[in-house]
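From first to last, the protein sequence lines are chains A and B. Using UniProt numbering, count along the first sequence one by one with no gaps and you end on 471. Using UniProt numbering, count along the second sequence one by one with no gaps and you end on 471.
Derived from the structure by calculation, the hints contain no laboratory data. Remember, it's a predicted structure, so these values are computed and weren't measured experimentally. Treat the hints with caution; some may be incorrect.
[Said to hold, decoys possible] Short, incomplete list of chain B residues facing chain A, as computed with Cβ under 8 angstroms: (1) 28; (2) 215; (3) 248; (4) 250; (5) 321; (6) 332; (7) 351; (8) 371.
Glycine included, every Cβ here is placed at the ideal spot set by N, Cα and C.
Protein chains: 2
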Amino acid sequence: MSDIDEQELARIRNEEAIHDIYADDGSVRADFLAMVGAAIADRDVLFLRQHVARLHESELGDLLETIQPDQRLALVRLLGDDFDLTALTEVDEAIRLEIVEQMPNAQIAAAIGELDSDDAVYILEDLAKEDREEILAQLPFTERVRLRRALDYPESSAGRRMQTEFVAVPPFWTVGQTIDYMREEEELPESFTQIFVIDPTFKLLGIVDLDRILRTKRQVRIESIMRETNYPIPAEMDQEEAAQIFEQYDLLSAAVIDENGRLVGVLTIDDVVDVIQEEAEEDFMRLGGVGDEELSDTALETSRSRVPWLLVNLLTAILAASVISLFEATIEQIVALAVLMPIVAGMGGNAGSQTMTVTVRALATRNLDIHNAWRVVRREASVGLLNGAIFGLLIGLAAGLWFADPNLGGIIATAMLINMLAAALAGIMIPLLLDKVGADPAVSSSVFVTAITDITGFFAFLGLATLWLLQ
Amino acid sequence: MSDIDEQELARIRNEEAIHDIYADDGSVRADFLAMVGAAIADRDVLFLRQHVARLHESELGDLLETIQPDQRLALVRLLGDDFDLTALTEVDEAIRLEIVEQMPNAQIAAAIGELDSDDAVYILEDLAKEDREEILAQLPFTERVRLRRALDYPESSAGRRMQTEFVAVPPFWTVGQTIDYMREEEELPESFTQIFVIDPTFKLLGIVDLDRILRTKRQVRIESIMRETNYPIPAEMDQEEAAQIFEQYDLLSAAVIDENGRLVGVLTIDDVVDVIQEEAEEDFMRLGGVGDEELSDTALETSRSRVPWLLVNLLTAILAASVISLFEATIEQIVALAVLMPIVAGMGGNAGSQTMTVTVRALATRNLDIHNAWRVVRREASVGLLNGAIFGLLIGLAAGLWFADPNLGGIIATAMLINMLAAALAGIMIPLLLDKVGADPAVSSSVFVTAITDITGFFAFLGLATLWLLQ
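Just chain A, same shape as in the assembly:
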């Protein structure tokens, strides 16, 4: 590093604060990374406290994901109690575990106490059971009970994602009493947008949004301004289903209730946004034949997770090859068939994947159901015929000219039409059937669709050619 660089770094490092840590393309600024790296190497705790500890949790998360793996633990250690554990909810699971496993349980316990319960659960749920118990044992009683209760709910349930801190008042309080309570109470959640109305057994009676309270005169009773909670979320409900309710009804937060209708927590839109993102990501990844891998996974982990899907595809590819082998004699006579046959199969695969993509997405967003399935099947069949005719004509002309053989053009045109229709039908029927039998159409549709378009493509093209030779 040259002198000028060092001087420049020193100058920037003495600034009040670095305001935007991101470059224009959304990645973390290289100069900021260099400064942080230098500060870690110099064990410059002052700089790290001033410029790193004050970052927003998601910025700190991005920083942790971007710096060198060996710098991560050093940074966390240097920050000590100034390290905001919430940042760990923003990083890949592998990085989270790597950091948490190296932190002393006592330090985690101290930091967990500062977190909202939903963030605390997010970090605790991935830990080994013994570590989790040791950390919980060091927490104050109420908090321990609250976190245990959330951790008792099934993985990916609303109960796991909920926040157990909330404001609840009895229905007979007035607006004035409620405001006075909030002015005096120390133990309120860090932020909230509504308060809950409960009876003495914690049974949920209604909800009042904060703006409603602010618009209402002091002497008005809460029960007269509360609204019914149309969409209380059972704690056992899967987080995806809860997210769908949030989306459908534009909720900002929702009461989470136990099996007796008692209020146990509140689910907020920021957690739901994360769930929506995860779901969309999962569907996207599954359709491409990859599981829930992360960018920080090693080559070995990545390879292992991708092998099963490739293996299934190998089997269907061999199946398709065995269809070709039925026609070896025909290919021996006309080698042009071997040249052209991948076009028929490939175009079918592309058309099938178009239909399948639309179908899988429409099923995921619940836009496709029994009421319109038949209409969409008919439409896709028409599209298949139409595009089959267009591309049949195109490839028929091209192949006829290429091999100076109009018969070959006619054969490939017919095969293309047949395969595009098969692709359209497979592209919609297979996801629909998989969904019907309870399988995830995003995971397995493409294997079946490709198998059908390959087999149909080879069979139609080589079969028609064989019939023609027999004439």
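Guided by the hints, dock chain B onto chain A, whose structure is given.
This is chain B only, laid out in the frame that chain A set:
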């Protein structure tokens, strides 16, 4: 319809309200559809008012999407002023236009007046210019100005999605004054979670969350509890970029400012959730080679939108075929090559699409950037070599046994290894390059990746076989 059904329907139709219009699979209940259909046929306005008008806007939207096209307009007409125009923000564009174009402009104007400005803009922006002007002319002055201003911002900008109703107070007010103002003011937004602090020129000074106001004593001045707005959204900003800010900083709402820093509106998380959904959907659809088609599009529209992608794929398929044609002489000697070659190309395509899926997703979520690109490229290359070795060995053994020819097994094994490595490199380098030059990697990656895996697969396999024959 049998007598019993009619009696049953009559009984249900007289119930107070139908509580859940959805069946377990998330589709609209068939019996509810039957009832609505019967009520439309009977022009039973009373039933429709009681059971349909009271639906949540998103439920009414689902109902409109599910009933027969000819029932839609009839339903809207029968409901008259009881039809909640907000439901139109929840349906496909084609259905929205179909309904709005048939409604008299005067009725739309009356209904638009009742909507939040963001919903009003959402409906107005798709209309023909003359209709829009006619409707705007019938609105009260302030509202007309507000909507015009939002409509003046570019399509898909934050200014289009923002709500122009908000609560703003001067910094020198006390908490007490602010609460009194909210208790007396009639013209407050329907719901809000924060209030804005502005100077006399509407320049944004800060934000106060409602829970902060409720916790604070009456005599405290607003300026002492307001927080800086770290993330004000310029009205011209693209809605995607705004959504990313919401996600990153877990915002519930954000101030939208004009080029002079003046507060012009507020963007809320419910609109942002819709944007996030749309974005995820777009990436998903693009990777599958389909544009922004909708389930309600006709076969002709669908065909037209899918042809370009298929056409590009046809060209690359012909390119790959021309590679095969270089080796016609070799294939004539060993027809088994024609049987096996699609396996090599196809497996490369699958492996390439796995890598590409991960890369496109990581680019979209900004997890992949210059800081880790090189590491991920190295990882993918290792995965390609590893999986290439595994599947090369498998297919080598299988092909060697199938055709009783160990040399053929060795050739296909080597070709598979080469193609899997090429697939890995293409799967990551192509999206990275497309992103670098400013193209959308989701749209065009798969065409290039498939072209490379096809060409490499055919060339490596047939080329190696030719070399072996020449020995």
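Here's how the hints hold up against the structure:
About 7 angstroms separates the beta-carbon of residue 28 of chain B from the nearest beta-carbon of chain A, less than 8 angstroms, and the hint is met. The closest approach between the C-beta of residue 215 of chain B and any C-beta of chain A is roughly 5 angstroms, which is under the 8 angstroms cut-off, so the hint is satisfied. Taking 8 angstroms as the C-beta contact cut-off toward chain A, the hint placing residue 248 of chain B at the interface holds, the least distance being around 5 angstroms. With its C-beta approaching chain A no nearer than about 4 angstroms, residue 250 of chain B sits inside the 8 angstroms limit, and its interface hint holds.
Interface restraint check: residue 321 of chain B against chain A, minimum CB-CB distance 5 angstroms, threshold 8 angstroms, status holds. At about 5 angstroms, the closest approach between the beta carbon of residue 332 of chain B and any beta carbon in chain A falls short of 8 angstroms, and the interface hint on this residue holds. Hint status for residue 351 of chain B relative to chain A: holds, with the closest Cβ pair at about 6 angstroms, below 8 angstroms. Checking residue 371 of chain B against chain A by beta carbon gives a least distance of about 5 angstroms; that is within 8 angstroms, so the hint holds.
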